[in-house]
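> Given next are the chains, with one letter for each unit.
Protein chains: 2
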Amino acid sequence: MVDVRALTTLLDGEYAAVRDLVRANLATYASVLEEAEELGMDEFRERVRELVVEMAATGQTGMGFPEEYGGGGDLGASIAAFETLAYGDLSVLVKVGVQFGLFGGAILQLGTRRHHDAYLSDVVSGRLMGCFAMTETGHGSNVQALGTVATYDVDAQEFVITTRGDQAGKDYIGNAARHAELAVVFAQLEVGGTAEGVHAFVVPIRVDGAVAPGVEIEDDGRKMGLNGVDNGRIRFDHVRVPREALLNRFADVRPDGTYESPIESSGRRFFTMLGTLVQGRVSVGGAGINAAKVALAIATRYAVRRRQFEAESDTEEQLLLDYGMHQRRLLPLIARTYALHFAQDVVRTQLHEVFSRAASPEGGDEHQRRELEGRAAGTKALGTWHATRTIQECREACGGAGYLAVNRFAALKADTDVFTTFEGDNHVLLQLVAKGLLTDYASEFEDMDQLGMVRFVANLAVETVIERTSAHTLLERVRDLLPGGDDEDQEAGLLDSDYQLAMLRFREEHMLVGVARRLKRGIDQDRNPGEVFSQVQDHVIATANAHVERLVLEAFVDRMRSLPDDTPEDNAVALGRLCDLFALSTIEADRAWFLEHARLSSQRSKAITREVNRLCRQVRPIAVDLVDAWGVPVEMLRSPDLAG
Amino acid sequence: MVDVRALTTLLDGEYAAVRDLVRANLATYASVLEEAEELGMDEFRERVRELVVEMAATGQTGMGFPEEYGGGGDLGASIAAFETLAYGDLSVLVKVGVQFGLFGGAILQLGTRRHHDAYLSDVVSGRLMGCFAMTETGHGSNVQALGTVATYDVDAQEFVITTRGDQAGKDYIGNAARHAELAVVFAQLEVGGTAEGVHAFVVPIRVDGAVAPGVEIEDDGRKMGLNGVDNGRIRFDHVRVPREALLNRFADVRPDGTYESPIESSGRRFFTMLGTLVQGRVSVGGAGINAAKVALAIATRYAVRRRQFEAESDTEEQLLLDYGMHQRRLLPLIARTYALHFAQDVVRTQLHEVFSRAASPEGGDEHQRRELEGRAAGTKALGTWHATRTIQECREACGGAGYLAVNRFAALKADTDVFTTFEGDNHVLLQLVAKGLLTDYASEFEDMDQLGMVRFVANLAVETVIERTSAHTLLERVRDLLPGGDDEDQEAGLLDSDYQLAMLRFREEHMLVGVARRLKRGIDQDRNPGEVFSQVQDHVIATANAHVERLVLEAFVDRMRSLPDDTPEDNAVALGRLCDLFALSTIEADRAWFLEHARLSSQRSKAITREVNRLCRQVRPIAVDLVDAWGVPVEMLRSPDLAG
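Residue numbers (our numbering), protein chains in the order written: chain A, 1 to 644; chain L, 645 to 1288.
Treat the hints loosely; a few may be bogus.
[Stated by the list, open to error] The list that follows gives simulated cross-link-like pairs (lysine-lysine, BS3-like), each with its CA atoms no further than 27 Å apart:
hint	chain 1	residue 1	chain 2	residue 2
1	L	LYS1250	A	LYS606
2	L	LYS1164	A	LYS520
3	A	LYS606	L	LYS1164
Keep in mind that the hints were calculated from the coordinates and are not lab data.
Looking at chain A on its own, in the form it has when it is part of the complex:
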C-alpha cells in the first residue's frame, strides 16, 4: 500500500511549508474558478487583481524578493509557490507571474539599489502594478531585433523612448491594458549616434490611472484563455524618462553621454540581461507540469468511477481504468509527470543556487549559468508540451462530461495553451538547447545568433565534437548492458536503470554528432548556411529533445537512488515502477530511432512494448494514490461528477 502522505512529503520536499500556504490560499479563494466563467472580462480582470493583492498579503507571492523589501529572500521557495499556484485558476497564476516574476524580477535583477529602494516594497505588496514590455508585434522570439528605440538626450539627461514602425509596438503585454502604472521597456539604446543594443528602462505608462502623455495603449481584447489578465499593446511617441530610469546593473550611461558596461561584448551583455529572465522559464515549466497534474487527478478518479460496457462480467459494466487502452492513455502520462516533477526540482535548485551566488560579492559562475539556461529552456519546452498533450488526453478520457465548463478541462485547456509559446516559443527554446550542446558552452560563442551558430559550426572541427561526446565509449556501454543477443532472453535488463540511461545517452550523443556532421558537410559544400540550417533543423530539434529527455530520466533515477532512509518500502517500489514506465515508454516512443541505429533488435523492441503494458497493469491499482500524492486541493479538482 502506498503511503500517500509520505509520498506527498517526498514530492513537496524542502518547500512543503510554502506549498501548503498556497494550497490553503487556493482553497480560500476557490470561488475564482466559477467567477472565471461567470464574470464578464472586465469584472474578472478586476477580481483577479484583487485576488493577487490579497494573496500577496499572505507572503506567498513575494518569496523571491529580499526581506528588506517585504520579501521572503528565497528564490527557490518563490518558484515552488508559483508551481503550486498552477493548481488553481491560471489567470491568477499569470497575473502573479507578470507582476512579481517578470516586472518585479526585472527591477530586481536588472536594476540597482536606486530602483530597488524606489519600487520593490510597493511591487511586493501589489500596491504598484507594472508590466514587462519586451515582446513586439513583429518580434517575438528574436528579441535582439526589436524596434523600440531609446535615444539619450545629453542636454536634458533624459532618454527618449519611441516606437519606430508598425512591427515595433509592444504586444501581448500582461497588465498593460488596465493595471500597470510602470513598464519595464526593452529598447535599442542609442547614445551619441551609437547603437548599444537592447537595454531596459522603467517608464511610467499611467499617472493616477490615466494613460501617460506620449503613450498609447490598446487592449489585446479577448484571448483563448487567461481572460483575467489584461494584455495590451503599447506604443511610445517620444516619451522622456530621466537618465536614472535605465536599469543599470549591467550597463549605464553617464550624465555626459558616456556608455559603460562591465561586460565588453554587446552580444554577451544582451544574453546576460536575458539570462536574468531564466526564472520566468523555470516558473512556466513548473506551472505546466502542475496543470497536467490537475487534469490527471480528475481523469484518473473518473476512470475508477465510470463504467462502460460489459467486459469481464455479463452483469456489470467494467471500470474504464481496467481497460488496457485506458491504462495506456493515462498511466505513462502519470509516470512522465513524476519524471518532470523531479527534473523541475533539479532546475529549481540550480536556479536558486546560481542566483543566490550571483547576488553575493563573488558573483555567479558563467558555466553554471549557461547550464542552467539550457536546462530551464528544455524543461520549459517539455513541461509545457506535456501539459498541452496531457490535458487533451484527459479531456477525451472523460468523454462528454469533460467538455462541460464545470469540469475544469475547458479552463485548463484554454488557459495553458499559450504556455508553449510565451517565455520563449518551445521550438526556439529547443534550438537554444541545441546551440548550447553544439558549442559545448565555449564562451566565445555564447552570444551567437542563429546565423552565427551556423557559421560557427562550419568552422568547427567536427572531429573534436565526436571525441568529446565519446560516442564509442557509450556504444560499448550499451552493448555491455544488452543481453548477449539470445532471443530467449530479450527482456533481460529492460528494468535496469543503467541500461535505460545508456540508451538515452547514446541517442543524444549520436544525434549530436550527426547534426554537427551534417552542418559541416553543408558548409563544406559551400551552400548557403541558412539553407543548410533549415534542412537540418528537425534533426537539431530532435537532438535537443533527446538531451532534455536524458536529463529528465537522470533526475528521476538520481531521486530514486537517494531516497531518504525512512521511505516506506511500497513507496520506493511504486516510484521504481513509475521510473521504469517513464524510461521504457520514452524509449518505446522513439524505438524507430533505436531500431534504425541498431540499438534495438525487433524482438527486443517488441519486448519493450510488452513491458510497458505490464508496467501499466502493475501501476493500475495504485494510480489513484499516485495522483492523490500531488496534493491538488480538492476544491481545485472541482468536477463534482467526475472526481467524486
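On the provided structure of chain A, position chain L as indicated by the hints.
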C-alpha cells in the same frame, strides 16, 4: 503553377453548387464570428437559432429531406453542405446538425409516413425545433444499456416514459435547454412485461414554450465551446405519449400490445436502428476535416508573411515557411487533409448510394451497410483527431498572435474539441471498425456487444482468418516492390503508389492476424475473456487505425488515377506530391512497426525520412495555392494580422 480555380473545382466535385451556396451564406452571416465572442451565452443561443432558421430558408440545411416536405432530396448534397458549413462558426454547424441531422434525420429514418407528414415540413423550415435524446449521464457509448424506460399501457394505448435512476437522465442533449419542442427519445421498450430493447419515441417536451408536465429539464451550462448550442439534461416522470409516437419503421406495437418487427433478432434490430444514424458520423468527420482546413489556411498564410531571425541573409529575417522545421510541422498536415478530403468523398458517396437504395422498394444491401458503417466510424475518428491535432499545431505555429480570440484559433479549438467524443467516442468507433474486420462482416456476429466479440473470437478458427487475409501473398508483393536490398538503391520505389499501398495493406493484415491470434490464445488458456480483451485492446485499436489509413490512401490514389482529362498538368503534379507526402509521412510515423516486422531496413527507413523532407521542400512553393484551393471564404479566415 497550380491552377487554383481548377483545383477547387476538382475538390468541390459534384456538389460545387451547394458548397457555393453555403460559402455565400457564411459570408453573409460572417458577423456571427464576432457575436460568438461578444454576446452572453443566452443572447448567443438566440442569435444562433435565428441564423439557423434564416439559413434554412435558403435551402441549404434541408438538402437531405424529401422534396415533398421542402427538402432537396439529395443526401450527399446535404452532407456536402454540412461539411462546408464547418468553415464558419461551429455552434451554427452543430445546431444545424442537431436539428436537421439528428432530430430530423431520426424522424425521417426511423419514422414512417405518419411522422413524416406530421413533422417534416416544419422541421425542414426550422419552425419546429427538436432534439435527439439518446445519450444518458451514465451511458454514452453503450447505448444498448441505457436506462430510460417506455412501458406500453394497453388500456390507454399509450407509452409511459420514465427515467429510472440517477444515471439514466438524458444528458448533453443539444436544443434541450431552450429551443426544442419535441424530443426523439431512446428508451427500453417494455410491452406486456417483456423487454424489447431500445426504441425511439417522439415526445413533446415543451408546450407553448413551457416545459411539459412530467418533464424536467436542466441546463448543461457553459461548455468549453459551442456555447451557441443549448445543451441540457432531460428527465421523464411517467410522461404519456400515444401509441403512434413510436417511430415505427423497424418495429411497432399493435393496439392490443402485440410487438412486431420485420427484423427478428433484437440485437440486429438495435444495430439497424443505430445504423440509420451513420449519417451523423459522416457529417462530423467531414466537418472535422474542414475545420482543420481553416486552421491550415491561416497558419500557412501567416508562415509566408511572418519573418523571424536572420538565417539565409544577414540583413533580412527569414520567412517561417522557409524553415525546414516549419515545413515539417505544416505541410504533412496539408497532405493528410487532402487525403482525408478524398476519403470523405468516398464515404459520402457510399452513404448517398446506400440510403438512396434503402429508400427504394428493394431496400439496402446488408453487406454494403456494414461496410459503410465501418468506413464512417473510421473516417470520423481519423478526421476529428486530425482536426484536434492540426488546429493545435497551427495555433502554436502562429505564436502569441494565435492566442488572441480575433484570430479564430480560440473558437476553432474550443468548438471542435468535442468532435472526438460526440457521435461516437473515437476509441469506441475504432473498436467498432476492428470488430467489423475480425468478424469479416459475418452476419451472425454483427449485433454482438463487446463481450460477445471476445467470445466469438474465442471460437473463431484463427487459421481461416490467416488464409483470408492472404498475408503471405502480400508479403511477396511488398518484397517484389522493394529494391533488391542494394544499399545504393535504398530510395528506389518510394514514390511508387503501389509500393506505398502494399506497405499499408501488409501492416493492416499482419496486425489483424496478430490480434486474432492473441485473442484466441488468451481464450485457449482459459483466461477471463474481458481480461484478454483488455490486454489486446491497444493492438485492436492500432489495427483499426491501420485499416482506416489504408482506406484513406486508397481513396487518394484512386482519385489520382482517375483525374479528369482536362486536369492541368501542374495540378496533377501537385496532387501527386501531396499523395506521396501523405503516404510516406504515414509510413514514417509508424516506421517502428515496419522495422520490427522487417518490412523496412534501417537504410530505407532513413531514406523515407529524407524523402519526406524533400517532398516538403517541393510542396513549399505551392503551399498557399494548396490551402487557397479549399475555398474557405476570406471572411471565415478572419485573422487580419495573420492571414493578411
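> Run through the hints listed earlier and report the numbers of any the structure violates, in increasing order.
Hint 2 alone not satisfied by this model.
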